[in-house]
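S.K.: Join the two chains, each given in its own frame, into one complex according to the hints.
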Amino acid sequence: MSPAFLFLLAIGLGLAGWLAGRAKARAFTRDSEPRRVVARPGYHAWFVAIWVALPLALFAVVWSILSPILVEQWVLASPAAQDLPAFGFQRQSMLAEARAVANGHAAGVFNPDAQALVEPFRQADRFYSLVGFGFALAMAAILGLWAYSRLKPAFTARVKVERAVMGLLLLASLVAILTTFGILASLVFETIRFFGMVSPIDFLFGLSWNPDPMANPDAPQGDRYGAIPLFWGTIFIGAIIAMIVAIPLGMMSAIYLTQYASSRWRKIIKPALEILAGVPTVVYGYFAALTVAPMIRDAAQAVGITNASSESALAAGLVMGVMIIPFVSSMADDSIAAVPASMRDGSLAMGATQSETIKRVLIPAALPGIVGGVMLAVSRAIGETMIVAMAASTAANLSANPLEAMTTVTVQIVALLTGEGSFDHPATLSAFALGFVLFMVTLLLNFIALRVVKRFREAYE
Amino acid sequence: MTVLHEMDEKAEAKMRARDVSVYYGDKKAIDDVSIDIPTKFVTAFIGPSGCGKSTFLRTLNRMNDTIASARVEGDIELDGENIYSSGMDVVQLRARVGMVFQKPNPFPKSIYDNIAYGPKIHGLANSKGDLDEIVEKSLQRAGLWNEVKDRLGESGTALSGGQQQRLCIARAIAVDPEVILMDEPASALDPIATAKIEELIDELAGRYAIVIVTHSMQQAARVSQRTAFFHLGKMVEYGPTDEIFTNPLEERTKDYITGRYG
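Chains as they are written, first to last, in my numbering: chain A, 1 to 461; chain B, 1001 to 1262.
Next comes chain B alone, as it looks inside the complex (with noise of 0.2 Å):
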């Protein structure tokens, strides 16, 4: 039912879904989606509100798992490893999977200690020292250190909101994940503070398999090398991201795209 593109380049999955539905109490918000997210590429979802792609976002990382009433269906692999068998702990899973939301959430501490808190969590430095290092090149990945270098001990949430935003994203990099999920990271925010955060997207896809929601398509195009197309609880098509813009297959996603309705 999912319309698939031949893939050109041939890249390594890092992520399978698997024939996933997810459930709200009886209402059924994702549809059978099975999709491979590749390694060392940003995949975008995309397609209008309420279509499910956000929902679908949060099975990668087991965010779900914080409303009651979710309840999901079918396997979805990390490296091979089913992230929803009995044996998989989601504290390990978060961390290998990281997670920006779509409102910059910093923590009401210290933009140090943003970023300190989940390497201290899970002991990855084993002194005061590591700890430095591991703020800062933090910092520099998400391209905030050069802004907050001589302020690391103001509150996060002081910032201005592209900054926090960016913040959020060091703060998920801290943890040296694998994957990164982003949840429309830019649509709370300004113009110029979007491109720096597309930007910023763009030097982080060799390092990380990242998967942005987004209901831009133009943040898709210019961001993602693969997109995916959601449509009421269903992936309509999966492609290349130029092949999925300029050649859409399916009737649906090419009204999307052509700005028809959404």
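With the rest of the complex left out, here is chain A (with noise of 0.2 Å):
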């Protein structure tokens, strides 16, 4: 019984009870006085869809969770199950095989002891779908009756829909919501093992990274987990070069769309920044490799520094501020644009030039949107990572000087869950204990920026 067996049998008895429940309430509209029905046929029939169809879809939902852990403890009750490996990695890769043979993903056990397995894994499964068949439709049919048996000319079909529907839209927004935690969830879980084998002290204040997955994970760690040139290579590359670039130019740009482009090249030029946001980030990723890191290189070598490095912070910021550009202009933009028009004529009427108005007015004015859309930009920066992947480098490194390679927390999470390390040695768990911070301090920066950008709102509303 498959989740989208389940899912296209709700809305196969959802149709039939909204052609039902719109027969019946057609039938009862048509032989009582006009206005005496409450609510026309279509919210009739849409009120026992949604009695049959959305109670089965949430079945559906649950029974995708459920119906796997049923099978396994049948399977596990089984006779054949008793001279499985009592714990571990075997255990599971002899369950799985099993299952993929029995659900007809692979053709033959590679372990013949899991052989023994497939047949009570095919009734499992045989049994559970019936179960959740019969449930299924069960369900329907009470629920939907139910539904039916309520259509009266006085019923207030049109209310409940709506209410219905508000449930639907609540349902959908919570699902954003329940993930975000979800992932928080995961990343708690994974970072709170990392931190039994790595004090905090020593991840968050070393000043050494240099994790090594071949390393016995029972030895002492400290010395090998210090993320301050991991912390420091971010904020170089993502919030300072990367800022330097994005700021300036952005605030310009917005400046001159708003104020001074006349409204042809403003139809121009604004999708053309935004099409600048919708390039993929590995494909800058390539011009900053290719392209600017190369350049930076000769341009440092040309001025007499030898030992120019090929991955620079400076390349890799560089690109990632131009791709930023857009967000930074886009927010200025708005906020620029929301200043009140007043204000600009206010200013222009005591006599002021259009860049004074520009600089003592509408920026000061705008400046919390600004810097809100400044905050955004930086996280989205810090977050970013195809960009340094390719043009920065793998190696940690403390250092100001943006020719040297430097690496960041994204790049370093990347490598470490790319490699051979297993899944409970400290080197490849540090990578969630990384994500974990990256998390808090993009969560906490879209916080800060969120209430800035909302009390700036409320000035003008």
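Honestly, the hints are just simulated from the structure, not real lab data.
No residue lacks a Cβ here, since even glycine has one placed at the ideal position from N, Cα and C.
Treat the hints loosely; a few may be bogus.
What follows is a set of in silico ranges between Cβ atoms, one per label pair, in the way DEER data are often shown [what the hints assert, rightly or not]: (1) Gly1025/B x Glu274/A: 23 to 33 Å; (2) Trp1145/B x Ser355/A: 31 to 41 Å; (3) Pro340/A x Trp1145/B: 22 to 32 Å; (4) Gly1025/B x Ala337/A: 18 to 28 Å; (5) Arg1016/B x Ala338/A: 31 to 41 Å; (6) Val38/A x Glu1147/B: 53 to 63 Å; (7) Ser355/A x Thr1002/B: 38 to 48 Å; (8) Lys1128/B x Tyr260/A: 31 to 41 Å; (9) Ala1013/B x Pro340/A: 26 to 36 Å; (10) Tyr1023/B x Leu178/A: 53 to 63 Å; (11) Tyr260/A x Gly1206/B: 38 to 48 Å; (12) Pro364/A x Gly1025/B: 51 to 61 Å; (13) Arg36/A x Gly1025/B: 50 to 60 Å.
M.R.: As structure tokens, then:
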């Protein structure tokens, strides 16, 4: 009983309920006096359809989580499972193999011991498919009939349907929020495991980052996992170099677009900037690694800096800055445009020039919005991975020289998780701790940015 | 086409408009208006909504320049100098012809900085002392000094609507203009705040040429010495205020004043 089948069943039965409800409502609408029927037939139809389909869809979700667990328990309780190894990797892989064969995903088993489990899996699947299907049908029938029986001329189906629509929208918005909590929970769990092996003090304040997935996990680890060089690299590339590029260019383009550009220019330039925001970051990565980085190295060597690296923080930061320009410019654009025109007129009528007006009235008035935009851009920049992965390096380096290779938190996470390390080694787990720190920092930045932007909005409404 | 009354006072003209037409794109908003704005008097522009009186007011300090589609034909002179000539510096013009808007629009800065804004831009103060003096004098002339002297550091937007409008008037006075244009300065205010603004206009009248656009005929009658009646982009009648109100020569003026339309 796959969830997809249950969903199709929900749609099919919902449609049946819809048609039945409409037929009944049409009948009594025809027989009643006009205006005595509270809701039009369509609403009665939707009322029945919702009561049939929605619980069924929810059941499909729950069942898709529940049924594999039930199936596995059935299998484990079967006599064939008595010979399974008690713990660990081997047991899991045998179960997975047997499951794959039973579902038809694999032709045969690799481990002969797993063969005995295939048949119990098939039986369990068949049994629970029937149970799920039966339960779904029974539930749909009971709820559908109950809903159908409630349809009367005086029944306020319209209000009920309206409430269901609201519930559906609420559910949709909850999914995003719950996902955020889910991400956080998964990070926290692994992070706590990591901090069981390496002390948080060593991690947050240590100056040397040198994880070794092959090192003995039980030996003392503290001096290997000092994340300061990573935090510094992230801030240096994402928040300093990139912002030195993005803030002035973004601001100036926003000022040009809102204050100087004719509407025809604006129509051309604005979409062009927005296209810049839509370029995949991996493409920026090519550009940074293949064009900008060698250019910077050659330029540095031309002025006599012989040890310039071809993987430099500067290359990654510059390209990232260009990538961020549209974010800064569109937020600044919105905030400047939101300053009431009367403010600008007031200043111009005092005999201020256009640039005096921009500098002394418009930008100060729009500043909170601009700051909010910059903070969102920073949080975007420090979470950026591809450009740095391609143009910077994986060598953690605590240096203020932009021509040196540096690495960032995100690049290290990728490097650690794509390696060969096992999942309970501190080198792998440190990726989760890094992710957790990054998550908290960007969350904080976004939170502050939204607060700042909100205060600004209130000022003019 | 404009009916002109005999002007009994022999006032010299501060601003002189000749055959002025204003277009928004293809639409003609002002049709061939000629008027002399006397110095040291209050001139009121009245007329129904959309008659072009605000548009015409904004041509007097070239605020229409900020509207891309607006185009002005004809001549407007300030002390005999054409303000639409290529030699005219708009920035200088607006310092001489100040403006107060319909909705109070103080900058989101402190009260002090709102007033100091213009003098700073135009370099009118050589020292902090000078600037303090200008701020105090301007606020006093606008009748706001006693209410705000202890809180000059507070935001201008925190004042009440009437106080904000007087702050805007003080801001306009601070650059020592020769003409002050007021675009329905009291229409967003309650009757008490309105009365204060009208009182203020009376006091300022001896010092500046004031042009006020208003919807309220009572207000025009109370504060102005000259009244021009605008209708459908044309200036229908212009003369001393008491004559326009007691003895209008044009049928349309009479209808508007007696409340037949508008």
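S.K.: Take the hints in turn and mark each one as holding or not.
M.R.: Status of the hints after comparison with the structure:
In this structure, Gly1025/B and Glu274/A meet the distance hint of 23 to 33 Å, their C-beta atoms being roughly 29 Å apart. For the pair Trp1145/B and Ser355/A, the supplied restraint of 31 to 41 Å holds, since their beta-carbon distance comes to about 32 Å. In this structure, Pro340/A and Trp1145/B meet the distance hint of 22 to 32 Å, their C-beta atoms being roughly 27 Å apart. Distance hint for Gly1025/B and Ala337/A: a CB-CB separation of about 22 Å, consistent with the stated range 18 to 28 Å.
In this structure the supplied range 31 to 41 Å holds for Arg1016/B paired with Ala338/A, their Cβ-Cβ distance being about 40 Å. In this structure the supplied range 53 to 63 Å holds for Val38/A paired with Glu1147/B, their Cβ-Cβ distance being about 59 Å. In this structure, Ser355/A and Thr1002/B meet the distance hint of 38 to 48 Å, their C-beta atoms being roughly 40 Å apart. Roughly 34 Å separates the CB atoms of Lys1128/B and Tyr260/A, a value that falls within the hinted 31 to 41 Å.
Between Ala1013/B and Pro340/A the beta carbon distance is about 35 Å. The supplied range of 26 to 36 Å therefore holds. Our hint of 53 to 63 Å for Tyr1023/B and Leu178/A holds, since their Cβ atoms are close to 59 Å apart. Between Tyr260/A and Gly1206/B the Cβ separation comes to about 41 Å, which falls inside the hinted range of 38 to 48 Å. Judged by the Cβ atoms, the range 51 to 61 Å given for Pro364/A and Gly1025/B is violated: they are separated by roughly 34 Å.
In this structure the hint that Arg36/A and Gly1025/B lie 50 to 60 Å apart at CB holds, the actual value being about 56 Å.
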